[in-house]
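With the sequences and hints as input, model every part of the structure.
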Amino acid sequence: MIINKSEIAGLLDNLVKEYRVYAPVQKDGIVTFEQINEGTQAKPGATSKKPPKEILFPQSEELFNYQVDSQGLRMEDKIDDTKSVAFGVRPCDAKSMMLLDNVFHNDEYEDVYYTTRRKNTLIISVGCNQPASTCFCTSVGSSPFDTDGSDVLLTDIGDSYLAEAITEQGKEFLCKLNLPASDDQAKTKAEETKKQAQLTSEVDTTGIKEKLDDMFDHPYWESLYEKCLGCGACTYLCPTCHCFDIADEAKDCAGCRVRNWDSCMFPLFTLHGSGHNPRTSGKERWRQRAMHKFNYFVERYNASACVGCGRCIKNCPVNLDIRQVIADIKAQDTGSEVS
Amino acid sequence: MQKLTKEIQDTAKKLLEENKVDLVVGFAKGSLPLRSTPYFARTAEQAEELVWNQFCENNLANYLKKREEKVAVVAKGCDIRAIVALIKENQINRDNLYIIGVTCQGMIDRNKADELVNGKEILETETNGEEIVLKGKDLEQKAKVEELLYDTCTRCAYGNPVIYDELIGEEQPAKEPNFEDIEKFEALSAEERAQYLAKEMEKCIRCYACRNACPMCYCDTCFVDESTPQWISKRANSAKDNLIFQGVRVFHQLGRCADCGACERACPMGINLSLLTRKGVKDVKETYGYEAGLNPDDKPVLSDFETDDPQPFLMKE
Amino acid sequence: MNKNNPYLPIPMRLVKNFCETEDKLIHTFDLEFVNKEDQENFKYLPGQFAELMVYGQGEAPFGIASSPNEPGILKFSVAKVGVVSKALHLLEEGSTVGVRGPLGNWYPVEDLKGKNIVIIGGGFAFTTLRSTIQYLLDPVRRGDYGDITVVYGARNPGLLLYKEELQEWENRDDINMVTTIDRPAEGWEGRTGFVPAVVEEVAPSAENTVCIICGPPVMIKFTQPVLEKLGFTPEQIIMSLEMRMKCGLGMCGRCNIGSKYVCKDGPVFTLEQLKKLPNEY
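Chain order of the listed sequences is L, D and S.
Residue numbering for the first sequence follows the working numbering, starting at 1 and increasing by one per position.
Residue numbering for the second sequence follows the working numbering, starting at 1001 and increasing by one per position.
Residue numbering for the third sequence follows the working numbering, starting at 2001 and increasing by one per position.
No false leads were slipped in.
Straight-line C-alpha distance at most 20 Å; calculated SDA-like pairs for lysine to any residue: (1) D/Lys1013 x D/Phe1040; (2) D/Lys1088 x D/Tyr1290; (3) L/Lys27 x D/Asp1114; (4) D/Lys1234 x L/Ala250; (5) D/Lys1137 x L/Asn129; (6) L/Lys187 x L/Gln130; (7) L/Lys43 x L/Ala132; (8) D/Lys1065 x L/Glu222; (9) S/Lys2221 x S/Gly2123; (10) D/Lys1137 x L/Gln130; (11) L/Lys251 x S/Ala2087; (12) S/Lys2276 x S/Glu2228; (13) L/Lys43 x D/Asp1114; (14) L/Lys209 x S/Leu2277; (15) D/Lys1112 x L/Asp28; (16) L/Lys78 x S/Leu2008; (17) D/Lys1006 x D/Gln1054; (18) D/Lys1279 x D/Glu1183; (19) D/Lys1282 x D/Ala1157; (20) S/Lys2003 x L/Glu76; (21) S/Lys2229 x S/Glu2200; (22) S/Lys2003 x L/Asn65; (23) D/Lys1003 x D/Lys1013; (24) L/Lys78 x S/Asn2005; (25) D/Lys1120 x L/Ala46; (26) S/Lys2080 x L/Asp248; (27) D/Lys1279 x D/Gly1289.
By construction, these hints were calculated from the structure, which means they are not laboratory data.
Predicted, not measured: the structure shown is a model, and the values here were computed from it.
Right, here's the structure in full:
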């Protein structure tokens, strides 16, 4: 199906009546995913500074309220099942949601806050005609027009988008929009566009999981962290980082339980009540970050926890580049290859 | 710049070869256009990676605290002001530090460059003296370096290092500190000021890059991380709490802030943080005639007391 | 565990807040289920833990000290260290608290059938070991297990947990209960000496035996070589780990050792399993 770009705002206006609609919005030069009230606010095709994971897993959210008084205990959980549409998601970010699904619905437990939002949110992605120089999605098993995690994929073919349904829900959604069918010309154009989308950045990640299997005690970690400031910019802006903290905000016996993003780069993240900390310095924390992304996550869920979006590269205050880290890891001598 | 790079490399190599220092902290070429990256050279060979250009935006004083070994640092004016302040606070041992001072005309603001090219991606740059060319796909934009400098740099009066063991680069013409930006903000109504700050603080994601990039922020546990009591909410979507975080940081920096702008440069969300820090710098200068990190021999102003200290906040004078 | 939402605690009533140790730092709490349904759903085994919540303060993880054969109550022994534990210590009997659990895995009591069991504990890390002993001594299953030897040590007599029960176990002949304190103390007629030395003296046979050990790191460090000398292999040594935890569900990401989450894949591991994981705990 075809959506004319001039009709996008109108289409979003209609969606807003029925759904909560999230789209990239530009404010003060920074693009973030926000709930929009009218279509003209949206800036489809822009890559957000903060990844849209926050639609499903907000940086801060109230899990439940409680009150204990003479009438006993009352609790109210705040599960959000509003029908929502995330419009203009990048394919890498859509893929990250599939990775997060593994975490928030594991073999034993279901995080109903996340999964309820997930079930009720349609992901409408826009493929990347011009990947940025910091993008390396093809190096981590994705691509500028990857359909993983999207319900609908839009391809920018000039004056319009070609819309393809990826899932059943996506199909139903598109049917309801009464869009004109795409002609052969548009289809050809879309195919060409997809072919032309070239990444300039590549990093060889083959075998990195196995390499890291033998690298926990490697001296490489001693030097890797040296310039790192230990801030959380890389983790908070990463579409797959999912660590969080739980805290109560309460007065007397009434309050709420809040979940906030947390970061493995912070020393307090693993600090025991006794004062013992298994990850005392930046060395252990950076090792954890690299290991989690390219080894532990692979071990648990059979995929690396990196979609190659490049946000950590662009936003690191000291230009610590994960592509370089991957290349360095690959280049280390671990002894195990010596036959 | 190439000449400065060469001089820095030669100095660093010599220091390392003669075992005068164990480590030279400087900058290497970054992985992105408009970026250099902090670099730690421990051998003469590694010293050849050192560079100097207008992308050396980080404050390297951050890496010098509580070091045991002998260290040399490639430092610009603002780095050295922070170093001086940290020596006073017993965080840096001057005897173990060799300062390779570099005169500085200011560093280029990546965000200003991005704004100038209006969303296009800069892939390469070329500097010809006063002019820089920003290049990319379907992009070749010329600009005056001066117009792309960080605001903190254009208003900085300390391009010439205040202390050093060796000086590299040409002396910069003397300048007066300029607080026009703060004066403009002060002229706004209280409501306008509050509105502006609320808007800025809404952007905060509590990644603490500002705090961690700041050479003067080195508390063992920052008050925002305390849990007993928990001073402020850990929610990032609370602009009020974000302002308390920044506000307390500024108060803690009074008479200590070297006005280097490292906090603002580190912020991934583009928050105007130097507005707050510079208001503190200006107030301290006006009240006590003191600027941090200029004089290695005086006491930090708020650690000192004189009977004729002005006290407008306590009593009518 | 709340079936619909694992983050929601179930309400429980504090029926006993008992000061366990002379230094007053450990209190034992007996909790009673408020809803019958919750009691039926709360099925656990020795070694598991739960998040204990004080309304208005927050929650923190603690090992369950009661045993499934003590129906109707849950028991926790809690050291006063953080916000939640401090608030717990001050709670009046009759107060409502929240409980999220049972969480984590358990000592492999099924696999231990037909085997001799050695239990080694130190200090206030005796909580889930108490649960285990109660469980094993239950007349309906005592016959499933071979000899049971327990070595439990504390710095001084005042710091021993569950003193009455220790006495009772010492008097029984279906369990070899050895209690020790670090140094001789006035009024103490029992054994003295550090746990590793006492284990060496007691010298339980490693044959067809599994050892469960839980205590401060230094105790574990020095007991391990003793066990090795006695012939215990890493597969025969079972440990319970502590880590900073929040969600207890394997999601919040902080308690991992390598690819394992202590809250969900643990806290119980054999030494053999731990040897395959990075040394980061």
